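Undergrad: Here are the chains, one letter per residue:
Protein chains: 2
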Amino acid sequence: MSPKITTELLKQLRQVMRSPKYVQEPVQAYIVPSGDAHQSEYIAPCDCRRAFISGFDGSAGTAIVTEQHAAMWTDGRYFLQAAHQMDNNWTLMKMGLKDTPTQEDWLVSVLPEGSKVGVDPFMIPADQWKRMSKALRSAGHDLVPVKENLIDTIWTDCPQRPCKPLITLDLSYTGVSWRDKITALRSKMAERKVLWFVVTALDEVAWLFNLRGSDVEYNPVFFAYAVIGMNTIRLFIDGDRMMDPAVREHLQLDSTLEPEFRVQVMPYGSILSELQDVGAGLSLKEKVWLSDKASYALTEAIPKAYRYLTPYTPICIAKAVKNTSETEGMRRAHIKDAVALCELFNWLEKEVSKGTVTEIIAADKAEEFRSQQKDFVELSFATISSTGPNGAIIHYKPVPETNRTLSVNEIYLLDSGAQYKDGTTDVTRTMHFGTPSAYEKECFTYVLKGHIAVSAAIFPNGTKGHLLDSFARSALWNCGLDYLHGTGHGVGSFLNVHEGPCGISYKTFADEPLEAGMIVSDEPGYYEDGAFGIRIENVVLVIPAETKYNFKNRGSLTFEPLTLVPIQTKMIDVNLLTQKECNWVNDYHQKCREVVGAELERQGRREALQWLLRETEPLLRTQ
Amino acid sequence: MSPKITTELLKQLRQVMRSPKYVQEPVQAYIVPSGDAHQSEYIAPCDCRRAFISGFDGSAGTAIVTEQHAAMWTDGRYFLQAAHQMDNNWTLMKMGLKDTPTQEDWLVSVLPEGSKVGVDPFMIPADQWKRMSKALRSAGHDLVPVKENLIDTIWTDCPQRPCKPLITLDLSYTGVSWRDKITALRSKMAERKVLWFVVTALDEVAWLFNLRGSDVEYNPVFFAYAVIGMNTIRLFIDGDRMMDPAVREHLQLDSTLEPEFRVQVMPYGSILSELQDVGAGLSLKEKVWLSDKASYALTEAIPKAYRYLTPYTPICIAKAVKNTSETEGMRRAHIKDAVALCELFNWLEKEVSKGTVTEIIAADKAEEFRSQQKDFVELSFATISSTGPNGAIIHYKPVPETNRTLSVNEIYLLDSGAQYKDGTTDVTRTMHFGTPSAYEKECFTYVLKGHIAVSAAIFPNGTKGHLLDSFARSALWNCGLDYLHGTGHGVGSFLNVHEGPCGISYKTFADEPLEAGMIVSDEPGYYEDGAFGIRIENVVLVIPAETKYNFKNRGSLTFEPLTLVPIQTKMIDVNLLTQKECNWVNDYHQKCREVVGAELERQGRREALQWLLRETEPLLRTQ
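Just so you know, the protein sequences line up as chains A and B, in that order. Using full-length UniProt numbering, the first residue of the first sequence is number 1, and each one after it goes up by one. Using full-length UniProt numbering, the first residue of the second sequence is number 1, and each one after it goes up by one.
Because the hints were derived from the structure by calculation, they are not lab data. Everything numeric in this text was worked out from a predicted model, so none of it was measured. One should not assume that every hint holds.
[As the list claims (entries may be wrong)] Incomplete in silico selection of chain A near chain B, CB under 8 Å:
1) Ile458
2) Phe459
3) Gly462
4) Asp469
5) Tyr549
6) Ser556
[What the hints assert, rightly or not] No more than 27 Å apart at the CA atoms, straight line, and that leaves these computed lysine-lysine pairs for BS3-like:
7) A/Lys98 <-> B/Lys464
8) B/Lys441 <-> A/Lys552
9) B/Lys552 <-> A/Lys94
10) A/Lys193 <-> B/Lys94
11) B/Lys98 <-> A/Lys287
12) B/Lys98 <-> A/Lys507
13) B/Lys134 <-> A/Lys285
Every residue gets a Cβ at the ideal spot worked out from N, C-alpha and C, and that includes glycine.
Go ahead and model the full structure; you've got the sequences and the hints to work with.
TA: Okay, structure coming up:
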């Protein structure tokens, strides 16, 4: 992959940073955050402004351009990718390394006295604005909102904002009607004595109304905001899609409903002025609830005294704890997903040695097998199909320039998943189609030990996920190995494959206490730059555990793997496993045989079934 | 122990809360924090205001008194003790439990509209003031500084502030002269472009000047502040103690030094006005560095624009990383401490069955043996000598009303330590002098497994301590057991037995990355209310580890136990240990034999040596 040449673009951006047409006063620095106006992690092409200006298109990163410099902050998953995609105009700031300055510290070190730092107020979360503004102010600079997005002014061929049809989800998928969700939300609002709730995150809008969309690739969401009052429901959404009879029926738009459940549909672009009206009409002690991750623009629409900000909204927390309909749907989705992967790996085993299978072909084949499954909608993220050194690029996506051919001499890492109407999947398997080296097996086995340590962990109800992160690393640490990413993220139910508010990470920010019904990934890894990558990922459900003493009735939790795909035993150095770990692998494989085997049988996929049976032969320790 | 009757005191306090003699306007609530004007954890009798008003004298707790209520916030270590010591006027707020309100939330729920909440501005750290003030303001209340301490106005027999002689420490103990410490500090100040540094924590003043005192029991510190400029040193300290020739010589007060190393001695009480003068004399871009834990009163003395606040000062961080002289001193101190405990446990083994040894007698005996050791100064904290149900009171201190007699039927827990001129110790051993039950052994063994898991952990350089906390809990968690305290705290070098900025805890507040030379405790436990307490504590030194792959040259760390006291093998269910854990115990005991055995031999303590040899017989797994 060759880097994007950005010299001309940066020149143009620096011009508009000084142009009275766009800025009241010149700005000496301009921040281009990663997200969209909803602070989404995955975004539509029209929102890929940071990729447009820099070339770096990973899912996380912030660009800052000054008169003299252009710098990009991103995390360990993307160090290699960002270095490949950006030209020499850009400095890579490796977040998480000791000597990397924060954005604020860097700005203070490079800016002339009394500088103005501009940002689109819709693109920056309120909490981040606050932190950054304070740091800049204390150094004599100003963070200023620039109404017109300066990237958009130079992005002549910017794509249109998508506005695709909606999918309605009935009770068999969601378990709870949207009316009951609104009622539950209003009771949380009453508890906190707030009159209004502003829904800004796209997956929260989708979850609340039991609707799905496809405005953002891989994420079944649609561009919309909602403002919920104690007696009103306003949905800000554009397009013909609201004329679809199924949607009208689902939202009961044409019925005479009780007034408090009547959904008023309003234009997407009117959210700011509507919120300003709400803000202006408030009287003493009336509060408006927003996430502190909502955009600075929307937060400012409500006068400070009337804001009630929390890091996680009640929708975010309710969405994270899956009900029985949702967990049953997730189980079904994962069985179908396993069927597709058994087909894929069986096919790869036969084809790789021919030297004709590239990373892209393998990824396409995986999609093909998945799309044969019932209720398949789309992939849940860009398939990471990587072999040899590409595996060390943690969020690698094969493109023609980098596309390697799979071989019997290199490790192959496949991290992929799909959206089914009944659930979202995300699974990583690392395979060798020839004979792995002793070192590759050693590393793989440490990663597996970490995976098992988390998956089999027992912990008290309400434990925060960050306390489990080092279980995943202990075996690697003992040999002086580590990986520069968290161990797990929350997973949505036919929603975003990354969702808050829980996770398993040494970082402690997305970290609401774990409770039964939450779903997270368990995905330790090890990456040897220039050589290979290893990752073993299951999606796991938090379930009650049985323990001898049950934490004085506080309750015990553990995980149940939802992902049921064999872990390649050829890669395991069985003598590095304890007997307990060995039993875990054998029990897991037994379950794959029973559950996925039955489904392969039902679908008449005999060859894949034979592959599954071969791959799930019990391990035996020899020492 | 019977609770303190506080009805009359609370009545008096509520009177002064309304009295124009002490408050400009009546305050509807008054906060009594735990610390002194230096935000110390352990305090002098004259600063025990919270204990005076409530009866609860644990080392952590905040009292809030309103017209109608009196409430006490404390953590899991003190739930039982606080409940015992306080009368019915008080509500115990159990911090860390899910349903316990924060102080702010509670105040908002009980106060009438537009209330004033008073606090002594010297007693509240600036960061806490800020948080609390903001929360109260957003609910329509005000946090107000009350100059006169309201507890002092009703505390008629309040003891005098101590002003004891100082101890000077030479290079053989400290490794670095105070002048070199000042020079290093000034270079940190220059890096951050600050002109002044205010030293407010008592242990930081003591460390910086290589002086020790005894103004606060167990903590070899003295009441003082310091203000360091680029060319000036001001030490705010009272008393004749500055006339001591040894101190004058040590600080070179009577020599003609280079001006930048001349120590100006000023009255302790003049710090506020001096700081206000410093603040008034600053010009643009001149900054004053303070800890954000410094008192609100001192922080406010510097105008906001001139403050440079950090959670940890460079002194705090430099102090935590011990140099070779300090670690060698700590090793010596721990060997002497082990000698004293071998003597004690040998004596207890003979005496307990006679039924004449009480908790207080055992604690006194421990002190007696310690005081026989070279360079002994005092204990490092109040000895926790507890048997049977008293062991479950985590920070128990025996008093005549609770004093139990040790017996062959109950578990005995001794958590004790001393200050030696060469180091500070803190060790907990849990013993049974008869035959422990299977359940007691089971619990003890899980605690031991947790202790070993931390002590033997290998982790990359720069790992934060909170990531190691769950290693200590994993074995307990597997059976549904846990403990409600952190796993370890920083330990000073002939300084406070609890010091920042590192530790091992599920709480993430005192958590600077671990590096070689830091010293922390490793002390998991298990407590069965009304029955027994178990804790196994060593002080451990962070040292480089040898690993196969060394984290790509980032460096590997592990711990070396400084404490060398046998762990009672009678309490271990050896079949619950892995072979590795069993080897750890045997290797540890072998080291105790070699190192402490040699010292017992040298000191001619033959009987204690025999005890050591018996107690360190290797374990054998039978399964």
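Undergrad: All hints, please: hold or fail.
TA: Do the hints match the structure? See the list:
no., hint, in the structure
1, Ile458, "holds, 5 Å"
2, Phe459, "holds, 5 Å"
3, Gly462, "holds, 7 Å"
4, Asp469, "holds, 7 Å"
5, Tyr549, "holds, 4 Å"
6, Ser556, "holds, 5 Å"
7, A/Lys98 <-> B/Lys464, "holds, 13 Å"
8, B/Lys441 <-> A/Lys552, "holds, 19 Å"
9, B/Lys552 <-> A/Lys94, "holds, 16 Å"
10, A/Lys193 <-> B/Lys94, "holds, 25 Å"
11, B/Lys98 <-> A/Lys287, "holds, 25 Å"
12, B/Lys98 <-> A/Lys507, "holds, 22 Å"
13, B/Lys134 <-> A/Lys285, "holds, 16 Å"
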